[in-house]
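Colleague: Using the hints, put the two chains back together into the complex; each one sits in its own frame.
So you can see what is in the structure, the chains are spelled out below.
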Amino acid sequence: MQDNIHTSYKQLEQRSKYTNMFLRWFLYLVLILFALYFIFPLYVMIVTSLKTMEEIRQGTLLTWPSGLNFDSWAVAWGGRGYGAGDTFLKPYFWNSIKMVVPAVFFSTFIGAMTGYVLTKWRFKGDQWVFLFLLFGCFIPFQAILLPMARTLGVLGISNSVIGLVLVHTVYGIPFTTLFFRNYYISVPTELVKAARIDGAGFFKIFFKILLPISAPIIVVTVIWQFTQIWNDFLFGSTFSFGEAAPIQVALNNMVLSSTSVKEYNVDMASAIIAGVPTLIVYVLAGKYFIRGLTSGAVKG
Amino acid sequence: MKTLKIDELSKNFGTTEVLRKINLEIDEGNFLVLLGPSGCGKSTLLNIIAGLETINEGNVYIDDYNVSKVEPKDRNIAMVFQSYALYPSMNVRENMIFGLKQAKVSKEKIEEQLQKVSKFLQVDALLERKPSQLSGGQRQRVAIGRALVREPRIFLFDEPLSNLDAKLRVEMRREIKKLHQQLKTTVVYVTHDQTEAMSLGTNIAIMNHGVIQQNDTPENIYNKPSNTFVADFIGSPSMNLIKGNLKQSSNQISFVANGSNFEIPINGYDFIEKSNLENKEVFFGIRPEHIFSKKSNEGDFEINLRADLSEYIGHEQIMTFDYENQEVLAKFPSTIKIELLKNTKLYFDLTQISLFDAKTEERI
Numbered sequence: 001m002q003d004n005i006h007t008s009y010k011q012l013e014q015r016s017k018y019t020n021m022f023l024r025w026f027l028y029l030v031l032i033l034f035a036l037y038f039i040f041p042l043y044v045m046i047v048t049s050l051k052t053m054e055e056i057r058q059g060t061l062l063t064w065p066s067g068l069n070f071d072s073w074a075v076a077w078g079g080r081g082y083g084a085g086d087t088f089l090k091p092y093f094w095n096s097i098k099m100v101v102p103a104v105f106f107s108t109f110i111g112a113m114t115g116y117v118l119t120k121w122r123f124k125g126d127q128w129v130f131l132f133l134l135f136g137c138f139i140p141f142q143a144i145l146l147p148m149a150r151t152l153g154v155l156g157i158s159n160s161v162i163g164l165v166l167v168h169t170v171y172g173i174p175f176t177t178l179f180f181r182n183y184y185i186s187v188p189t190e191l192v193k194a195a196r197i198d199g200a201g202f203f204k205i206f207f208k209i210l211l212p213i214s215a216p217i218i219v220v221t222v223i224w225q226f227t228q229i230w231n232d233f234l235f236g237s238t239f240s241f242g243e244a245a246p247i248q249v250a251l252n253n254m255v256l257s258s259t260s261v262k263e264y265n266v267d268m269a270s271a272i273i274a275g276v277p278t279l280i281v282y283v284l285a286g287k288y289f290i291r292g293l294t295s296g297a298v299k300g
Numbered sequence: 001m002k003t004l005k006i007d008e009l010s011k012n013f014g015t016t017e018v019l020r021k022i023n024l025e026i027d028e029g030n031f032l033v034l035l036g037p038s039g040c041g042k043s044t045l046l047n048i049i050a051g052l053e054t055i056n057e058g059n060v061y062i063d064d065y066n067v068s069k070v071e072p073k074d075r076n077i078a079m080v081f082q083s084y085a086l087y088p089s090m091n092v093r094e095n096m097i098f099g100l101k102q103a104k105v106s107k108e109k110i111e112e113q114l115q116k117v118s119k120f121l122q123v124d125a126l127l128e129r130k131p132s133q134l135s136g137g138q139r140q141r142v143a144i145g146r147a148l149v150r151e152p153r154i155f156l157f158d159e160p161l162s163n164l165d166a167k168l169r170v171e172m173r174r175e176i177k178k179l180h181q182q183l184k185t186t187v188v189y190v191t192h193d194q195t196e197a198m199s200l201g202t203n204i205a206i207m208n209h210g211v212i213q214q215n216d217t218p219e220n221i222y223n224k225p226s227n228t229f230v231a232d233f234i235g236s237p238s239m240n241l242i243k244g245n246l247k248q249s250s251n252q253i254s255f256v257a258n259g260s261n262f263e264i265p266i267n268g269y270d271f272i273e274k275s276n277l278e279n280k281e282v283f284f285g286i287r288p289e290h291i292f293s294k295k296s297n298e299g300d301f302e303i304n305l306r307a308d309l310s311e312y313i314g315h316e317q318i319m320t321f322d323y324e325n326q327e328v329l330a331k332f333p334s335t336i337k338i339e340l341l342k343n344t345k346l347y348f349d350l351t352q353i354s355l356f357d358a359k360t361e362e363r364i
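Respectively, the protein sequence lines represent chains Z and F.
Taking this note's numbering, the leading residue of the first sequence gets 1, the next gets one more, and so forth.
Taking this note's numbering, the leading residue of the second sequence gets 1, the next gets one more, and so forth.
So here's chain F without its partners, still in its complex pose (with noise of 0.2 Å):
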């Protein structure tokens, strides 16, 4: 039984198509991260989801069960805002339990439910305030509370953080793992920050222009992007991708970059398809953090590239490179001197890089 599952799903508003043959399944107790630029539908999945807008194909399925027709109220989900979305004439108690009220729950189990959660989240002391009276942590807490105090089967999340600032950002951050870990329930949760998605999601499903471009673990979504765009999207600097050819002889497989006159050998690298690989146009790509300037593996490929630019942000450094006219970017701890405009000896690890076809932009 999937907890979640989403069907060839297919959304347009008019004749813009904001979502195209979605297909998605989260297990029992999953945390997914939908993650994706603005504008890739991320949040329309979730408004659909939560039943908020309707679907043009597809169906949706909450414990095996069809409730692409469901009311947003019986799919047994709950979802916290960007805005919070507290009721702004009630106050804490009345926001948390009026989802209750709403089901015709019976006033004991209401107040147990409300003292039960209202203390796990340590709001107990702020039930009578009205939510203008809250801080931005409060407020978002609360409203965790009263999606919280529902019992759902799936929270769903809606970009919760963006409206908090960095430091409370990574505080509520943790705190939602916390949570996760606590209660094991089953979350979707929409951002559009890398570092939130990694962090928190059990798996990543990044999205661009309504489509799905990889689910996946956030390990393999890191080392192991499926195309061009999940390479650049993940990663600060994202990877760099130089453009080049493969040249194959015998049992030797090597990248040539365009304009260059040495080979890089690519024997260990793990091929999806292994067939028709000479003189195939492809991007290298290698992240800024897996160049360095001494070398640490055996495997490590020795190149000579000068530095053109220097980017100082405290505890690292980011270089820039070139290579054969194509930048490439690395990243250093801050306490190595590079000097600028000279060549300088820095070190690939081959086991860390990915090919792409250059036409497809898929992985190779």
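Pulled out of the complex, with its shape left as it was, chain Z reads as follows (with noise of 0.2 Å):
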């Protein structure tokens, strides 16, 4: 009897190992086609943008390129040296970057004090403008496209790079107010009452208590709005042409505007360029986003 019962745990402990390695195996595989099906685009990107456009006309999307041939990406950044029609990004990479940095930097700085007073400040009816700030979340872009090009206009700002700092910088308040804010409201109050006895104001208590505990969300945000302002298509090409635009706008017009031969090759090194940044940011600060936006969760 004993002997019995023995035997057939043995017997279930082997059915449930093979099982467990099965499905260990079974899930490792579909991840796998998940993998290469994200990868896949890139791998054509990246393998396109290295061939000639002899080679992409005989080979097909997958063919191994013949070298490592960085000529697209020369015409792509710095173009082909002659006049009038010639688009390529460096300037509109620049343009880019001098949107895109005080514009975050001025969503996030803001998000953060709205955040400290909604939460740490609180004062009659604080409730409702955070229920407006929310509201803002979901407005949708368009909506807002005839006003704020009115706006802007009446400013003087119109298709200039300052313009679409503002632009971005009021669009980001909504969401960079709900960050901080969430995050600040597992902040103990009890901090700010014992740095007010402590004799610190409104704004000592906001930079030497709060801001050096807010590294995880800063970084959510950061990432977050870099993400936004920088992929931003709608506003740059409603707000800017020419010369100011962003660099997402000069590549539509690169790879659309073209009246000749379409060069793969360049529309895709165009493209990796106009992407790395965000990528750059991502690979940094990634570690931190994850952690920032569950740490409202896991209080330490």
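Simulated from the structure, these hints should not be mistaken for lab results.
Each hint should be verified, as a subset may be incorrect.
What the hints assert, rightly or not - Capping the alpha-carbon separation at 25 Å, the derived lysine-lysine pairs in BS3-like fashion look like this:
hint, chain 1, residue 1, chain 2, residue 2
1, F, Lys130, Z, Lys208
2, Z, Lys204, F, Lys109
3, F, Lys119, F, Lys224
4, F, Lys342, F, Lys294
5, F, Lys130, F, Lys101
6, F, Lys101, Z, Lys208
7, F, Lys73, Z, Lys208
8, F, Lys359, F, Lys294
Modeller: Rendered as structure tokens:
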């Protein structure tokens, strides 16, 4: 009797071992397939950008390039060197940098400030202020194009990088406020009380007590805002043209407006160049991103 | 001169009345405990004393000076919080001197204060650590240290021990008591724990629904509760309140419980107002620890009650008896054996009783 039970337990153990092994390999298989599916477009882009037009015409999408040929990258970045009609990314890339850095900085800073006030310096009707700010997250951007264009016109900053900075700052504030408010609400208000008794004022408490512990949420906000603003096409194409355009608009112009033969290799290189900065931000700050997103839930 | 005086103070949050006409006074060097159930307004009162909340009506005086509209930092107070509220990004040293730096105290003076206090509280080895690297007890010490370096006129404590585990809480309680004995600074201390209140306070103000129910010494709070709320709140298990009527004949006053046919003589009771006692509906209050199984005093009143329930808690046992369908709890040493569902002889110590008007619930 004893032995019977033992053998049957052994069999069960074996069986569950096989089942687990099978499920594990199945899981890996599925994951690998998904990974390939996601990496495939990137592969095509990189490979194509390294080929000459000749190679592209003769080979297939997947064919390995004959050598590392960065000519198309140079063309995408710096142009061919002849005058009219030559669109290349360099000036627009710097436009984008000039737009994204101040816009991310101001929207993050203002969001931190508003989040601080809405949680630590409560006032009558503060919930309404927050509600209206939240409302800003749900307004489709198309709805505000006309009024915004008019505002920029009145302010005299339409078709300029400064105008785009303003637009992106204003439309970033609802999101950044939401992030910071949700972060600061988990910070005990007693900290602020203690600091007030210690004689610190509104700004001192913000800069000395709250900001130094806000690193995780600052990273989240910066990644979010950077990605949003860098990748924005709608505002860029509506409120700027010609030399003031950000990189996404320039990329579009480059790819769509070429009159002669489509240069796929240059197009691919351009698209990668336009996408690299967000990628860099993710790689540098990615691990804080997850930590910051979940930091409200697991309080130290 | 009163170190702290609170005069006719009221506070509302919107339409909710949190504090109603509070009057309080503390003399130099006293330890006042604000005690009450959660939501009674005790923390709000403390925040008002600190200047962290505004006042709707009334005034707060520190050393006879009206501070009602004075900023927290200028009130010469220091506060210790339940969550310690140590600044997470600063180490212990920076935490402790933050207030002095804001007040632009000279570097030498800051260093001197820091050394003195950190030695006194035995945190001098922890000065370079961050709050997250400290244990609960150490954090508490640092929080107290941060308050101490300011050399305040009044210490405010907001449930400082609630976040500690039971053992540490008893230890820290003794340390706070020692601290007060040595420094003799005036303290206002908020807690919901009656043991803490009893052991620490020179005075206890019991609060409920934004009103001070009784402000007295711990002895008086325990022995002469001024109403049924205080009687019920203090003591564990709380005081038995037996419903009944008073009987008065010539010079004999006695109590008859509802449904009962015998009288308990209470001639020795010290009435506040000795008129209109005949047939008055009252609560007869007696603490479980003042009911005995053996006669110990000549004046003890013998009574036969049925034992219904026994709760054994180690050093003692709590027995529930039936007194004409009213529950009466008694506390005995656990060595005594009492059979359940049988009538048992009990002795009420009549020198320790309290009587309350059944309508107003006030002590009579």
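Colleague: Each hint should be assessed against the structure and marked as holding or not.
Modeller: Verification of the hints:
1. Lys130(F) to Lys208(Z): Holds. Lysine 130(F) to lysine 208(Z) sits at ~15 Å (cutoff 25 Å).
2. Lys204(Z) to Lys109(F): Roughly 23 Å separates the two Cα atoms, so the pair holds.
3. Lys119(F) to Lys224(F): Given pair lysine 119(F), lysine 224(F) is violated - Cα atoms ~42 Å apart, limit 25 Å.
4. Lys342(F) to Lys294(F): Cα-Cα ~17 Å, so holds.
5. Lys130(F) to Lys101(F): Holds - the C-alpha atoms of lysine 101(F) and lysine 130(F) are around 19 Å apart, at most 25 Å.
6. Lys101(F) to Lys208(Z): 13 Å, holds
7. Lys73(F) to Lys208(Z): Distance ~17 Å between lysine 73(F) and lysine 208(Z) Cα, so the pair holds.
8. Lys359(F) to Lys294(F): 34 Å, violated
In this structure, the earlier hints numbered 3 and 8 are contradicted, and the remaining ones agree with it.
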